[in-house]
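The listed protein sequences derive, respectively, from chains Z and L.
One point on numbering: in the numbering used here, the residue at position 152 of the first sequence is 152, and numbering is uninterrupted.
One point on numbering: in the numbering used here, the residue at position 265 of the second sequence is 547, and numbering is uninterrupted.
Simulated from the structure, these hints should not be mistaken for laboratory data.
Treat the hints with care, since some could be wrong.
Result set (DSBU-like, lysine-lysine): computed pairs, CA atoms no more than 35 Å apart in a straight line [said to hold, decoys possible]: (1) L:562 - L:306; (2) L:652 - L:306; (3) Z:15 - Z:236; (4) L:305 - Z:119; (5) L:306 - L:561; (6) Z:15 - L:562; (7) Z:239 - Z:15; (8) Z:267 - Z:236; (9) Z:231 - Z:15; (10) Z:15 - L:561; (11) L:562 - Z:119; (12) Z:119 - L:306; (13) L:562 - L:305; (14) Z:239 - Z:200; (15) Z:230 - Z:15; (16) Z:119 - L:652; (17) L:652 - L:305; (18) Z:236 - Z:200.
All figures in this text were calculated on a predicted structure; none of them were measured in a lab.
One-letter residues, chain by chain:
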Amino acid sequence: MNITIDSLHVTLGGKPLLHDINLTIPAGELTILIGPNGAGKSTLLKACTGDITPISAAISNSTPALIPGSIAINQQPLEHYSTEQLSTLRAVMTQDYTMAFSFTVREIVNMGCFVYEQKINHAQRECIVDEVMQFMHIGALAQQHFTTLSGGEQQRTQLARVLAQLWHPYEQATSRYLLLDEPTSSLDIFHQHQVLALAKELSRRNIGVLAVVHDLSLAASFADNLVLLKKGNIVKQGKPAEVLQPSFLSEVYGISAQFFQHSGAFKPSVIIINEDNNHKRN
Amino acid sequence: MNVTSNNISTINDTDTKKDTGCKKQQRAIPFSLGLLCIITLIALASGAVPIAISDIFSSLLHSTDSALVDSSALPSPTLHSPSLNWIVLFDIRLPRVVLSIFVGAALGVCGAAMQALFRNPLADPGLIGVAGGGALGAVMVIVLGNSLFSQFTQTIGIYALPLGAMLGCLGVCGIIYRISNSQGQLTIMTLLLAGIAVNAIVGAAIGVLTLVSDDSELRELTFWTMGNLGGNHWALAFPVLICIGISLFGILRLARPLNIYLLGESQAQHLGIRITTLKKHVFFFTALAVGAAVSISGMIGFIGFVVPHLVRLLIGPDHRFLLPTSMLFGASLLTLADIIARVAIVPAELPIGLITSAIGGPFFLAVLYKQAIRLGK
C-alpha cells in the first residue's frame with residue numbers, strides 16, 4: 001500500500017505552486033523531499049495530508065487549491081475519507097506548533113492518543129505516553145509547561161504527540177503514514193539524527209514516512225527515496241546517490257556539490273566544492 | 283485538607299499526575315461547588331429582610347406542604363396568610379438567587395469557551411456581539427417602546443424588555459456569524475474583525491438612541507446597562523434558566539475537543555476533530571447563554587473575562603476541569619456580588635455591573651501581583 005500522487009497540480013490564485021507531480025510514497029520506506037525555498041516541498045506535503053482544498057470548493061484566490069482525484073491513500077482517493085478516518089491513517093507534524101496555553105508536556109503528548117482513546121483503557125494509554133516520551137528523550141520534561149521549553153524541546157514534544165497518534169495499534173495490516181514538515185529545524189545535531197533514525201525505524205512498522213528536510217547530508221544519510229523539487233516540478237527522484245549528482249545540485253541549488261560516502265563506516269553526506277581558490281582569505 | 287493553601291507551588295507534583303488530573307484539578311470542582319452552596323445560603327439569608335438560615339431550611343422543606351397554614355413551621359402573623367418571610371424567600375429572593383447562579387455560571391463558562399475559540403486568554407463573550415446586541419435591543423425597547431414599537435410592547439407586556447434584548451442579541455450575533463461564515467468555514471480572524479466592526483456600529487446606534495431619549499428613558503437605559511438582577515419573578519426567569527441550562531450542557535460536553543483545538547486548527551483537524559462544527563457549536567451556545575443572561579440582567583461585565591482567566595491560573599488550561607470550575611466560580615462570584623448589591627446601601631440597591639467591575643478589578647490585580655512575585659522568585 002502507498003500514497004499515490006498522479007498528475008497533481010496545485011495553484012494559488014492562478015499561479016501554479018506544483019506542476020504535474022507524479023510520485024509514489026510507499027509504506028515501509030522513508031521518502032524525503034528536498035529543494036530550495038519556494039520549491040513546493042511543504043505544499044506537496046500539505047496536499048498529502050488533505051489540507052489543500054479541491055478547486056471546486058476553494059474559498060478564494062488566496063488559498064491553494066488542487067484538482068480532486070490526484071492523490072490516493074491506500075488506493076482510495078483522498079476526498080473519500082472523512083476527517084475521522086484520515087486521522088486513523090496518517091499523522092502530521094506541521095512546521096509551526098506554538099501554543100499560548102500552559103499545558104504540560106505530558107498533557108500534550110496525551111492529546112495524540114485522542115484518535116483511539118475509546119479503544120484502550122487508562123493503563124494502556126499511560127503506557128503509550130511513557131513509551132513515546134522515552135523514545136523522544138523528553139521523559140524528564142513530563143511535568144514542565146510547554147511554554148517554558150526551548151524551541152528544540154517544543155519540537156520534540158510535538159513530535160512525540162504525532163508519534164503517539166500512530167502508536168496504537170503498534171503495527172497493522174492497513175498502511176499508515178507519517179508526514180513531517182521540517183521536523184529537524186530547531187534541533188541540535190544529535191537530535192536531528194535521532195529523529196530521522198526514529199522515522200526510519202517507524203517505517204518498518206508498515207508506516208510510510210514523508211519528510212521535508214533542508215539539510216542535504218541528513219537527507220542523504222537516511223532517505224530510502226529522495227525527491228528533488230525545483231519551482232513546483234520534480235527534477236529527479238530515486239536513491240540518494242542518483243539524485244545528489246553535481247549536475248542536478250548545480251541546476252537546482254546553484255552550488256557545486258556532490259554525494260560522497262567515504263566508506264561503510266561513515267554516513268553519506270553532500271560535500272561542497274571550494275570555489276574560493278582565486279580569493280585567498282584569512 | 284486546607285484547600286486555600288493549594289497554590290501554584292504544587293505544580294511539580296509529579297507522582298500524583300494522572301489522566302484524571304492532578305490534585306489541584308481534582309479538588310477544584312468539589313471546592314467550588316462547596317463555595318457555591320455556602321454563598322447561596324448566605325444569599326438567601328441576607329438582604330433588606332434578613333431571614334435566619336434555619337428558617338430557610340424549614341421553609342424549603344415544607345414548601346410542598348400546605349405551609350401557608352402551618353404556623354408551627356414558620357413565624358406567621360396570621361394563620362391563613364403567607365408570612366412575610368415566605369413571600370420574600372420564594373417570590374423575591376429565590377428567583378433572584380437562582381438567576382444569579384445561572385447567569386454567573388453562563389458568563390463564567392462562556393468566557394472560557396470564547397477564550398478557547400479564539401485560542402487567546404484575552405477573549406470574552408462580548409467579541410461575538412452578545413453584549414452589544416442585547417444592549418441595542420433593550421435600548422430600542424426603552425426608547426422606542428412607546429412610539430415605534432408600542433404595539434410590540436403592548437402585546438408582549440412585561441416580556442418586552444428581555445425579549446427585545448434577546449432578539450437584538452440574536453440578530454447581531456446572526457449578522458456577525460453570516461459575515462464570518464464564508465463558504466462554510468468560520469475563520470477566526472474574520473470573526474474577530476466582524477465582531478469589532480459590528481460592535482462599533484451597534485455602539486453608534488445606541489448612541490443615537492440615547493440622544494433622542496427623554497430623561498426617564500435615559501435613566502432607565504443607563505441603569506439597564508449597569509446590570510440588575512432584581513425585579514424578576516419566576517415567569518420571567520424561567521425561559522432564561524432553560525436557555526442557559528441547554529447551553530451549559532452543550533458546552534461542557536465540548537471540553538475534550540476544545541483541549542485539542544488549542545493545539546491549532548490544522549493540528550486538531552489532523553487528530554480527527556471537525557473544527558468548523560466545533561466552532562459553530564461554541565458560537566451558538568455562547569450566543570444563547572449569554573444572550574439569555576444579558577436579556578434578563580443587563581450588562582454584567584468582567585466575569586466572562588476574569589473568572590476563566592483566574593481559574594486557568596490556578597488549575598491549568600485543561601477544559602475538563604476549567605469549564606465546570608469556571609461555571610461554579612462564576613456562579614459563586616455573581617451571587618456574592620448580588621449579596622453586596624442588596625446589602626451595601628439598604629434599602630436601595632447597587633447596580634451589579636458596578637460591583638463586579640469595581641471589586642473584581644482590584645482583586646484580579648492583586649492575584650496578578652502575587653503571581654508576579656512568585657514567578658520573580
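Going down the list of hints, with the structure as the test:
1. Our distance criterion of 35 Å between C-alpha atoms is met by residue 562 of chain L and residue 306 of chain L, whose separation comes to about 31 Å.
2. Under the criterion of a C-alpha separation no larger than 35 Å, the hint pairing residue 652 of chain L with residue 306 of chain L is consistent with the structure, at around 18 Å.
3. Simply put, residue 15 of chain Z and residue 236 of chain Z have alpha-carbon atoms about 23 Å apart, close enough for the 35 Å limit, and the pair holds.
4. Straight-line distance between C-alpha atoms of residue 305 of chain L and residue 119 of chain Z comes to about 26 Å, which keeps the hinted pair within the 35 Å bound.
5. A C-alpha spacing of about 29 Å is found between residue 306 of chain L and residue 561 of chain L, which places the hinted pair at or below 35 Å, so the restraint holds.
6. With a C-alpha separation of about 33 Å, the suggested pair residue 15 of chain Z and residue 562 of chain L falls inside the 35 Å cut-off, and the hint holds.
7. For the hint pairing residue 239 of chain Z with residue 15 of chain Z, the CA-to-CA distance comes to about 31 Å; that is within 35 Å, so the pair holds.
8. Pair hint residue 267 of chain Z plus residue 236 of chain Z holds up; C-alpha atoms about 22 Å apart against a cutoff of 35 Å.
9. With a C-alpha separation of about 11 Å, the suggested pair residue 231 of chain Z and residue 15 of chain Z falls inside the 35 Å cut-off, and the hint holds.
10. Restraint check for residue 15 of chain Z and residue 561 of chain L: satisfied, since their Cα atoms lie roughly 31 Å apart, inside the 35 Å limit.
11. Among the hinted pairs, residue 562 of chain L with residue 119 of chain Z is consistent with the structure: their alpha-carbon atoms are about 28 Å apart, no more than 35 Å.
12. Between residue 119 of chain Z and residue 306 of chain L the alpha-carbon distance is near 28 Å, which keeps this suggested pair within the 35 Å criterion.
13. With a CA separation close to 33 Å, the supplied pair residue 562 of chain L and residue 305 of chain L stays within the 35 Å bound.
14. For the given pair, residue 239 of chain Z sits about 15 Å from residue 200 of chain Z by alpha-carbon distance, which is consistent with the 35 Å threshold.
15. For the given pair, residue 230 of chain Z sits about 15 Å from residue 15 of chain Z by alpha-carbon distance, which is consistent with the 35 Å threshold.
16. For the hint linking residue 119 of chain Z to residue 652 of chain L, the alpha-carbon distance of about 44 Å lies beyond 35 Å, and the restraint is violated.
17. The hinted pair formed by residue 652 of chain L and residue 305 of chain L meets the criterion: a straight-line CA distance of about 21 Å does not exceed 35 Å.
18. A hinted pair counts as satisfied when its Cα atoms are at most 35 Å apart, and residue 236 of chain Z with residue 200 of chain Z qualifies at roughly 22 Å.
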